[in-house]
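Enquirer: Listed below are the residues making up each chain.
Number of protein chains: 2
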Amino acid sequence: MNLEEKTIASQKIFSGKIVNLRVDTVLLPNGKRGAREIVEHSGAVAIVALDEENNIYLVRQYRKAAQKIMLEIPAGTLNQGEDPLAAAKRELREEIGARAGHWEKICSYYSSPGFCTEELTVYLAAGLTAGNPNPDPDEFLEVTKMPLSQAFDLVRRNEIMDGKSIIGIQYAYWGRQDERPES
Amino acid sequence: MNLEEKTIASQKIFSGKIVNLRVDTVLLPNGKRGAREIVEHSGAVAIVALDEENNIYLVRQYRKAAQKIMLEIPAGTLNQGEDPLAAAKRELREEIGARAGHWEKICSYYSSPGFCTEELTVYLAAGLTAGNPNPDPDEFLEVTKMPLSQAFDLVRRNEIMDGKSIIGIQYAYWGRQDERPES
Chain A
1 MNLEEKTIAS
11 QKIFSGKIVN
21 LRVDTVLLPN
31 GKRGAREIVE
41 HSGAVAIVAL
51 DEENNIYLVR
61 QYRKAAQKIM
71 LEIPAGTLNQ
81 GEDPLAAAKR
91 ELREEIGARA
101 GHWEKICSYY
111 SSPGFCTEEL
121 TVYLAAGLTA
131 GNPNPDPDEF
141 LEVTKMPLSQ
151 AFDLVRRNEI
161 MDGKSIIGIQ
171 YAYWGRQDER
181 PES
Chain B
1 MNLEEKTIAS
11 QKIFSGKIVN
21 LRVDTVLLPN
31 GKRGAREIVE
41 HSGAVAIVAL
51 DEENNIYLVR
61 QYRKAAQKIM
71 LEIPAGTLNQ
81 GEDPLAAAKR
91 ELREEIGARA
101 GHWEKICSYY
111 SSPGFCTEEL
121 TVYLAAGLTA
131 GNPNPDPDEF
141 LEVTKMPLSQ
151 AFDLVRRNEI
161 MDGKSIIGIQ
171 YAYWGRQDER
181 PES
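One line per chain: the protein sequences are A and B, in this order.
Here this note's numbering is used: the first residue of the first sequence is 1, the next is one more, and so on.
Here this note's numbering is used: the first residue of the second sequence is 1, the next is one more, and so on.
Where hints are given, some of them may not hold.
Because identical chains share one entry, a pair is satisfied inside a single copy or across any pair of copies.
[What the hints assert, rightly or not] Distance condition first, Cα-Cα at most 30 Å in a straight line; then the derived DSBU-like pairs of lysine-lysine:
id : residue 1 : residue 2
1  : Lys6      : Lys17
2  : Lys105    : Lys145
3  : Lys89     : Lys12
4  : Lys6      : Lys64
Keep in mind that the hints were calculated from the coordinates and are not lab data.
Bound conformation, chain A alone:
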């Protein structure tokens, strides 16, 4: 079966600061027409940031969409044309005020491929040197650090409820004992 859907029309609905929205009319594999609501997002990066004592840095911030204060790994949206690793280094400096001695890509993934173009790249940053955070003027967040095992426990108890943070913390806690080539 050819699963692809050819776009035959595209209607722009909204153009914003964080997202755009369009509705595509597509030709389905059965020859019929269908509508696909597509949220456009420029992509993001997230960082599992570990110091020499295996503490992880987390940020606490209010998330309007979830209507709650959430604990997450540091993250941010890509600037226009920005390389993901450069963005991750920038976000780590801005949110945590730190630089890392070792960078490793964990994965890239789509947060919600059914309707959203957002692709996130998650990095592991180790060997952190502390500094002073310098967040954007419209970002309000609290930085905290804790042993990685404690953050993992928050994932297991489902108190950390952010997708990128769950992926990154599961990887850092379970996956680092396995050998893998650095990238």
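Could you slot chain B onto chain A? The hints should help.
Expert: Structure of chain B alone, referenced to chain A:
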């Protein structure tokens, strides 16, 4: 610091089949006003479905937003007022044509809490009995199964690029040896 953002106005932009879009004007912690673009989504479920031989069921489908054919764990959107576990059982029947002898909640999480209300609940379903899939008329997908270790290898090689699938497969591969209370 009080991190919460009080909504002082809300503008509906779009009301669709999968998402709605609104822009909220909020009072920031520093007393200034800010805009929050919010994509509303009714929530979803995803299932790590394992048979008695530790094979995992996956579905391959074209994702317009990602512009590629993706390999994912079975998943679907919640119907209005639907209980997540009931939705997961329904999706497993529809997409895979199977029932499971054991259900366990892995976690609930927000796919993109910075701008989207979507909350996903991921389940582990074990002891599958095979059957015949019965997908929605506008869903075009291919069902495949493979050893869990092979699916995990696709996660490690970043060939599986879907967030919920990465979370679920990481958990099933790494986490099941640990004792945990069933829920």
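Enquirer: For each hint, tell me whether it holds in the structure or not.
Expert: Here is what the structure says about each hint:
In this assembly of identical chains, the alpha carbons of Lys6 and Lys17 lie at most 30 Å apart whether taken from the same copy (28 Å) or from different copies (20 Å). In this assembly of identical chains, the alpha carbons of Lys105 and Lys145 lie at most 30 Å apart whether taken from the same copy (21 Å) or from different copies (28 Å). In this homomeric assembly, Lys89 and Lys12 never come within 30 Å of each other (Cα to Cα): the closest approach is 33 Å inside a single copy and 36 Å across copies. When the C-alpha separation of Lys6 and Lys64 is checked against a cutoff of 30 Å, the pair qualifies only between copies, where the shortest distance is 9 Å, while the shortest distance within a copy is 35 Å.
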